[in-house]
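These protein sequences, in sequence, are chains P and D.
Note that the working numbering has the first sequence beginning at 80, numbered continuously upward.
Note that the working numbering has the second sequence beginning at 3, numbered continuously upward.
No lab work stands behind these hints, which were simulated from the structure alone.
The reader is advised that the hints may include incorrect statements.
Computed cross-link-like contacts, DSS-like style, restricted to lysine-lysine with a CA-CA straight-line distance of at most 30 Å [to be verified]:
1. D:309 - P:124
2. P:169 - D:309
3. D:47 - P:169
4. P:169 - P:81
5. P:132 - D:309
If you only want the chain P side, here are some residues facing chain D, beta carbon under 10 Å, derived [to be verified]:
6. 96
7. 120
8. 126
9. 149
We put the CB at the ideal spot given by N, CA and C, even for glycine.
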Amino acid sequence: MKIPLARIAHCRSGDKGDIANIGVIAYDERHFPILLREVTAERVKQFFGERVKGRVERFVLPNLGALNFVLYEALGGGGTVSLRIDAQGKTYGAALLGMEIEVHDRELT
Amino acid sequence: MIRIANGQGFWGDWLEAPVRLVEQGPIDYLTLDYLAEVTMSILEKQRQRDPALGYARDFPPLVKRLAKQLRERGVRVVANAGGVNPVACAREVRRLAPELKVAVVLGDDIFPRIDEFLAKGFEMRNMDTGEPLSTVRDRLLSANLYLGAFPLAKALATGADVVISGRCADAALALAPMIQRFGWNETDWNLLAAGVAAGHVIECGPQSTGGNSQGDWMSIPDFANIGYPIVEAEPDGVCTITKHPGTGGRVTAGTVKEQLVYEIGDPCSYMTPDVIADFTSLQVTDLGGDRVRISGARGRERPEMLKASMNYSAGWKATGTLVYSWPQALEKARTADRIVRERLRQLHLEFDAIETEFLGVNACHGPAARTVEDPAEVQVRIGVRGRDQKAVDRFTRELIPLVLSGPPGATGYGEGRPPVREVVAYWPTLIPREGIEARVEVVE
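Use the sequences and the hints to build the structure in full.
The structure is reproduced here in structure tokens:
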């Protein structure tokens, strides 16, 4: 079945220049394998579409049950250069919580 | 064990937080992080206008307000409030609180040495774009190295009540007291990594104690009285993140993990001037009662190059908004955007960038936003950026006329035309360590 990422994970996002990062953390570490399988760099890149001009890199923190995504050319120039309301990517983590992922019922018990 | 608190996550953070940290429970060190990436260029401009300025002006009055209690409770302050003029900051602190001993850390400001570095063949390429510094040299506004924790520790060793630095690594503010009190050495990589991890967790203040926390945020109690973070650091590097009892907010494994992954790149290599910390080695244990232990930190030898943050002038920008209400709010806002762009074309105005966002529809999330059907109102926000200040200024006159000449029911223009602002852009780069000398001075 399809569920939004928000069911099993929470996020925080921020910036470094024109680069945004999104940390994705499993509420329950038993659900970390779902994150590993479903939340790939390709899917995150696709999810943000034209918002992210550059590549998306994924890093794994098994010790925290977390993933870190680094989004290049993602903030319209970044910092003070950007004309966007969210020039620092503060809301990108919240956006990603709406991404739909595929899980089996038994994985959620 | 020593207790290190952080009372400011940025310049402009809650003014009461540091006072409450000192008053509401025991701490040994109060750190204050004032310097965001573009702050230095603002301070550099202030110093050019007045040689006695160029530091975080909130800081000296805060020290004055706390001076008596700092002495009574034995709390020492470590702050990067010095900006581009730490000595002037220290003098003002001494003027307002003459009973306190103040030491400054100098050596981060490399602005006067840029041409010397260029002559040596340092290209100082932008870490993000790869461009050499020569492309913006004539527009450079400030240049500062990120200093590490050891010069700050040396300043603490003078017995100073207040240590003031300019640009330093954010986590260095918390690491310095650990180095000084526990006698950690420059090659104690695992211990330094432990201090850096704890410093990273508290450097953004209440972002580790429930603030801006996505996880189950609606159940977080009493944001109005949120407790700012405290690290209880042990000599073996084990650190416990907590806050004063009775304060608002919450410290859980979740709030700490969110901050650990905040604004990082490769978690195996969190780069600081003192050590490369491996965040994948950290064990985070929720002890309950707003206490979270971080242990197991591993670190590797410090990088050969030091990071520097420079700022340069990159033209001008302005953003303005209008609000349209139901019915057809989004269609009205889109029409307004088309009219503005058409009129800018007719004026032959050229910009490096024009960007339009529809607040209430997709401004924050772009294509990832959920679909909104027939919104009650939409704010259209149009921004331009360019090298021609006059063109940007002309743009600011093109929004309000739509109130009479565009789609019906435009409102939200009460603040008049938007201000034109100078764009100060960020230039991150790397500099060899050789020839860089930080030094400590006690300011009498």
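Hint check results:
no.	hint	result
1	D:309 - P:124	holds, 29 Å
2	P:169 - D:309	holds, 24 Å
3	D:47 - P:169	holds, 28 Å
4	P:169 - P:81	holds, 26 Å
5	P:132 - D:309	holds, 26 Å
6	96	holds, 5 Å
7	120	violated, 13 Å
8	126	holds, 5 Å
9	149	holds, 6 Å
Violation of the numbered hints given earlier is confined to hint 7; every other hint is satisfied by the structure.
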